[in-house]
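Q: One-letter residues, chain by chain:
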Amino acid sequence: MLRYLIKRLLSTIPVLIGISLLLFFMLRMLPGDPAQVLAGQMASQEDIELIRHQLGLDRPIHVQYAFFFSRLARFDLGRSARTQNPVTEEIWARLPNTLLLAVVAITLACLFGIPAGIISAVRPYTWIDYVVTSIAIFGISMPVFWLGLMLVVVFSITLQWLPAGGTGTWKHVILPSFTLAAFVVAFIARMTRSSMIEVLSQDYTTTARSKGLKEQVVIIKHALKNALIPIITVVGLQFGLLLGGAVLTETVFAWPGLGRLIVDSILGRDYPVIQGAILVFGLLYILVNLVVDLLYAYVDPRIRYD
Amino acid sequence: MTETIQGTASQIRDRPAYSQIRRSWAKLTRNTAALFGGTLILIYVFTALLAPLLFPGNPSAPNLIKSLERPSLEHLLGTDELGRSIMGRIIYGSRVSLLIAVGVISVGLLIGVPLGLVSGYYRGKVDFGIQRVTDTMLAFPGFLLALALVAVLGVGLKNTVISIGISMVPIYIRLVRGCALSVREEVYVEAAKAVGTRDTVILLRHILPNVMVPITIQTSLGMGMAILFAAGLGFLGVGVQPPTPEWGTMLGSGRVYLFNSPHVATFPGIAIFLAVLGFNLLGDGLRDALDPRFKL
Amino acid sequence: MSGEIKPLLAIRGLHTQFHTFEGIVKAVDGVDMEVFPGETLGLVGESGCGKSVTALSILQLLRCPPAEIQGRILFEGINLLDLGRERIRKIRGNSISMIFQEPMTSLNPVLTIGEQIAEAIFLHQRTSKHEAWERAIEMLHTVQIPEPRARARDYPHKLSGGMRQRAMIAMALSCHPQLLLADEPSTALDVTIQAQIMDLMQRLKEEFETSIVLITHNLGLIAEMAKRVVVMYAGKVAEEAPVEDLFKEPLHPYTQGLLGSIPWIGRKLKTGRRQLQEIPGIVPSPLEMPQGCRFHPRCPRVMGVCREQEPAVVRLADHRLVSCWLKAE
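Heads up: the protein sequence lines correspond to chains L, U and G, in order.
Heads up: the first sequence is residues 34 to 339, going by my numbering.
Heads up: the second sequence is residues 1199 to 1494, going by my numbering.
Heads up: the third sequence is residues 763 to 1091, going by my numbering.
Please note that the accuracy of each hint is not assured.
As the list claims (entries may be wrong) - Not the full set, but computed from the structure, chain L residues with beta-carbon under 7 Å of chain U:
id : residue
1  : Leu60
2  : Val96
3  : Phe178
4  : Val187
5  : Gly315
6  : Tyr318
Note that these hints are calculated values from the structure, not bench results.
For clarity, every value in this text was computed on a predicted model and none was experimentally measured.
Where is the CB? At the ideal position from N, CA and C, for every residue including glycine.
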């Protein structure tokens, strides 16, 4: 198990390097002078020269990269071109908000999606199955931002039960997290259903039944545990996607999270913040994948003892 | 066990290829959901092709007198903030969205398939290099990747297609590579090599046909995804720019009027939803109809 | 006369069919069979002849729909097919057990083998969990798995093929069932392991006084293990006989063909033939069954009536019957 953990950790290194390279070259692919891009549209010539010197942009490219990488390692992401605040500060102020939404949404999605998928798989082609699969396919086809707006129309404007945006109380969390959860719950339900169907057709399920075990036991103890393996992978994947989908949801609900920061930065050409946010998203995604792989090893003894 | 049922019916299955296609077609057409999806898509295609007939006039021409009117007999879906018919813009929007979908898939296929084939077939350093790039790209949620690319390339229809297309490339690479990896182990590939067949021929005649099935399924689903992504970018204001009628952009600009004129944002969203639904239903149906051996 | 002893299991007019995309597949089309206490009944036939489906029908392990089972399966006088879900569960693993062909896929990869054996004991024998675990270890010992206490905590992928099959046997016999359905128990194993497993089964059968239905296409196994044999073809019973009679004097042309295709030393001397006799043609597709006798397209002694009418069952003695027009006159 320990060896597996170490192996996984080591394999994240090339990806981290890859991300740093991506960010490094992205800046230089933009039209214009990199120093100017970083300084922003409102900077004076002095500021631009200062940045050029600070970041070593007048040095050869490999030196630049070394500088860049060492700064990344120290979490020095520069200053926002718009607000002049350190990028790390800007990100740190908003990261918890995005994480809150993502965690609530994933929890909701699993709570509803996994049981729905199981029921659907155990009674395929019945009306329950059709209802669940229909709702699921509607869920993944729906644009998340449109759903959010529609929910606002119904619950905020018409019924006036819930606030349309911003943060503050638990009521503010409901609409955005439900919106985020909609796509995910559909995906998880579908994955659970297909995974369970696959497992239920396996030989060991027949063996379990041939021992006279109750169908409930067969489903939960024998089937679900095996089906969980791909489901966990998907949940992890979806968590990563949620961080991306959060961009749209946060915009709709004026939620002060990382997603909005990234959109505002793109529109405002605030390159240092874009860089920082992408880096954070990438890191989070890698972390989630790592956790998923660990859970994987916990559930599947074949991986654990290899 | 299912083995037993499979065993008794397998003799029927082991028939030559052309009847496999016929069987798949029969299975697909029996699937009501897939038919419904296919019909939806056809409706959109026809709407796109016959747009000028369905809505004569310029859908982007402002008519401020009629700004923000509710749905009526004159304008079935109402008008937007510039007085333009929402129905007309949705109809012309189908052109934009389908164009984007086709463009994105083309980019994905043109770049992704060859790279995937080469990566999976040749392995070695080439494979390693391509895989590391793919891994890095897949470390980011697709939409975010497209957004980042837009940040680099700029806004507008062309850049939207390129950005989303590039963000789809790693998916195709993975898919094709996986298929190529398993097909290259088949005995008939070994036999072809032993007889001295050139690599390019092997790739085209043996490996590519096997890859067609997962590619077809992914393409249908990918088109839906492309429309969703493009709409998302449009909504944020960094996709297709006004006055070009793109459903997401329409939603984005209509958002401000949500309190008093919700119809401006509602109808384009329904258009997006139905289009994506169509592609998803069709993609699912294709997956069920084509041999389940080809798992994604 | 064995007619005085009551059969443990009596199958009467079993029809099992599947509703598939291509039509109705009649996997078992009118089968009668009996199993007596303490005997090993061999059930022989090619792949697809319906022997596995017969076994699965006994324990109702087929999904209905798409399967549909009709007929009577009498176990100790009760028709198993009449039993609802709750009651058939009490029979499974308890009075009637089953072991399967592929031990790797038939064992749950995420549960220890000790757990998989103990749960049946815990369920049927009303012991404590601790007691069930101990008995599971005992069973592992009985099937000659070394270091049973340590092995019980292992997962299936850690065991070799032979050991896995032993674990399966332990699982099936843990509650001392009266009847064991063994579906190709050694086919997936190496020949040497095969021999060990069959020896083990023979010993345990005597020790636990279990009857066995041995399903296989391997006639060598049948010769060694079975007392009586039922030969199935295309969903029907072709012939039934005590094992010596079957090998000495096979009556059905299909059985003759099967026996003729076994290689044995001295064959050329005795029969004067160098080549193995094969049965020409292939097993018919279940959706396109031939009219009349199902074997007639491949039969070397086919007659006119064979093409039109299905042959009636001819009883030559107790437990000696054949379904062929050749014997009907």
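Q: Restraint: L/Phe178 near chain U, CB-CB cut 7 Å. Satisfied or not?
A: holds, 5 Å
Q: Would the stated hint for L/Gly315 survive a check requiring a Cβ distance to chain U of less than 7 Å?
A: holds, 5 Å
Q: Does the nearest C-beta of chain U fall within a distance shorter than 7 Å of the C-beta of L/Tyr318?
A: holds, 5 Å
Q: Regarding the hint that L/Val96 lies at the interface with chain U, is the smallest CB-CB distance below 7 Å?
A: For L/Val96, the interface hint is violated, since the closest Cβ of chain U sits about 23 Å away, which is over 7 Å.
Q: Hint validation: L/Leu60 versus chain U, beta carbon distance must be below 7 Å. Holds or violated?
A: Violated: closest Cβ of chain U sits about 9 Å from L/Leu60, beyond 7 Å.
Q: Measuring from the C-beta of L/Val187 to each C-beta in chain U, is the shortest one below 7 Å?
A: Hint violated; L/Val187 Cβ to chain U Cβ min 10 Å, cut 7 Å.
Of the numbered hints listed earlier, those contradicted by the structure are 1, 2 and 4.
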